[in-house]
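Start from the sequences and build out the full structure, keeping to the hints where you can.
From first to last, the protein sequence lines are chains G and C. Just so you know, this note's numbering puts 241 at position 241 of the first sequence, and the rest follows in order with no gaps. Just so you know, this note's numbering puts 131 at position 131 of the second sequence, and the rest follows in order with no gaps.
Chain C is faced by these chain G residues, among others (derived, beta-carbon under 7 Å): (1) G72; (2) E79; (3) I108; (4) G109; (5) Y115; (6) G118; (7) L143; (8) G144; (9) L175.
Covered, in the sense of this in silico footprint (three residues per stretch, anywhere, with C-beta under 8 Å from a C-beta of chain G), are these stretches of chain C: (10) 65-79; (11) 111-121; (12) 125-135; (13) 156-170.
Calculated directly from the structure, the hints in this document are not laboratory data. Glycine is no exception: its CB is placed at the ideal position from the N, C-alpha and C atoms.
Protein chains: 2
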Amino acid sequence: MAEHFADRLTAAIRARQAPVVVGLDPVYERLPSSLRPAGVGLSAAVTAVESFSRGVIDVVAALVPAVKINSGFFEALYEGGVAAYYRLVTHAHDRGLLVIGDVKRGDIGSTARLYARGHLDQPAFDEVEPTRIPDAVTLAGYLGENAVRPFIDIARAQGRGVFVLVRPSDPGADLVHDFGDATRFYQHMAALVREWGERDELIGKCGLSCVGAVVAPKDADSTRALRDALPRTPFLVPGYGAQGATAAACRPCFRDDGSGAIVNASRSVIYAYEKPAYAERFGEDWRAGVQQACRDFVSDVAQVAGM
Amino acid sequence: MAEHFADRLTAAIRARQAPVVVGLDPVYERLPSSLRPAGVGLSAAVTAVESFSRGVIDVVAALVPAVKINSGFFEALYEGGVAAYYRLVTHAHDRGLLVIGDVKRGDIGSTARLYARGHLDQPAFDEVEPTRIPDAVTLAGYLGENAVRPFIDIARAQGRGVFVLVRPSDPGADLVHDFGDATRFYQHMAALVREWGERDELIGKCGLSCVGAVVAPKDADSTRALRDALPRTPFLVPGYGAQGATAAACRPCFRDDGSGAIVNASRSVIYAYEKPAYAERFGEDWRAGVQQACRDFVSDVAQVAGM
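Right, here's the structure in full:
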């Protein structure tokens, strides 16, 4: 029987003293100039994006428990980018990291079963290396339980996990998620995630479910209320760094004992070399900039989580 | 300047007298046995799924204006399946069909821009054939305007389109979409789609926007109310056939003059050979079964649309 996802995640967080995840959102145009040849074609762009991503993974592997690989940035490069996405999942696994596939899929049941095959299920084909499958994926639950059930069943059986969108970080999403009067739409989604995910059979030894929620920090009171509403649901917390949220703002996403959440930073870590503070110190050595930014990120978040 | 998507779609519907789209949801296990070798590996599965899909496209090309290719069924076969997806878009274009990429992507603005590159934008690389990009895609708008804006901007500039989920066909989605009291969540999404899509600069000569909505028929009154609430929004209508909706149930999705909607059928057409009525008549000739089921589907829907 595979070890429960939340137990694996909890152990990895403790081992690194880092309740965080580094997000890979690589855009070719923003890569270090040393990785960008002039007049690049598609396959060279895939190579550059993959090479940069491998570099980031190598640098952060000793510092964080997990990386989140954002499928959209690879799909921008068509099937070649998708192939690179899978190779990077394997590479991160080889470096001892847990991997969250940030795919945000959500479709009706008959289609969700197929998405689950490609994105979370143990491969059915001998020639497909099992390490290419992430440990968890992000999902959109807006099409209801049938959209997430195939993923949850796989997660339970295979020691994997899912994170269902409850409160996205994009301020533009508030117009959708704050809909409603006495109860807001995001609270309704939270109640559904609790119903889908906080069943006893889905809970690990650590007391957390393999069904998590994506919860961006907004005002402290409403975030704390979500934390209380989903006592056994691990939170994947977007919005830190480039999107403006501070570690203090993320604090209410954690339980009182500092467990129950992982904070994601993507652009603020992987593009650290763009920032004067890091560029002046490390110059052309973009890896050193990423490493320092990752260290700063970890210590910032670990502190508010009381680690 | 590229011709407006809604004008192209309207012309194609008129030319075929068929306000419909055939959906490609190919699952290896359900393919005709002649296409399924024993002990198949991944690349043989991709070949079989692609070969079947090409066959369906060839058969329906003379009968319908458009096909909808469901990305999930190709992603189930990893990057090789994704490559097949793109080849099938090209193949359908070569056969004179409009193509809707059923991808249902929805993410925060910074990620949506990248998804739009891979799924709707004119390729930025010379070696990528422009015909591999669908004419329109389905989108999830639950993360707000920033999640759809990059796609809408492309649609407007390039004569392409989008269909934003407003009322999905899966009955399980009702628990999400019927949320709310005086106003239901699906009505709120409809109001947002109207705001995003019914701006004058997005409207074609036919009076319809390049921003459409996915609207499954439920009870006639609520469907008619959605039609009235979105007077210039084309509807992509799921739920017909295998999912149980009749042509009559789809009628309120059309405007009074029979314009403004395309009804999708996927499994009831592409797997016609599984049904005794077609199997008895056409035997091993699965293409003939698909062709007849497509003809039956077209005449059924064209009748209620008054064509």
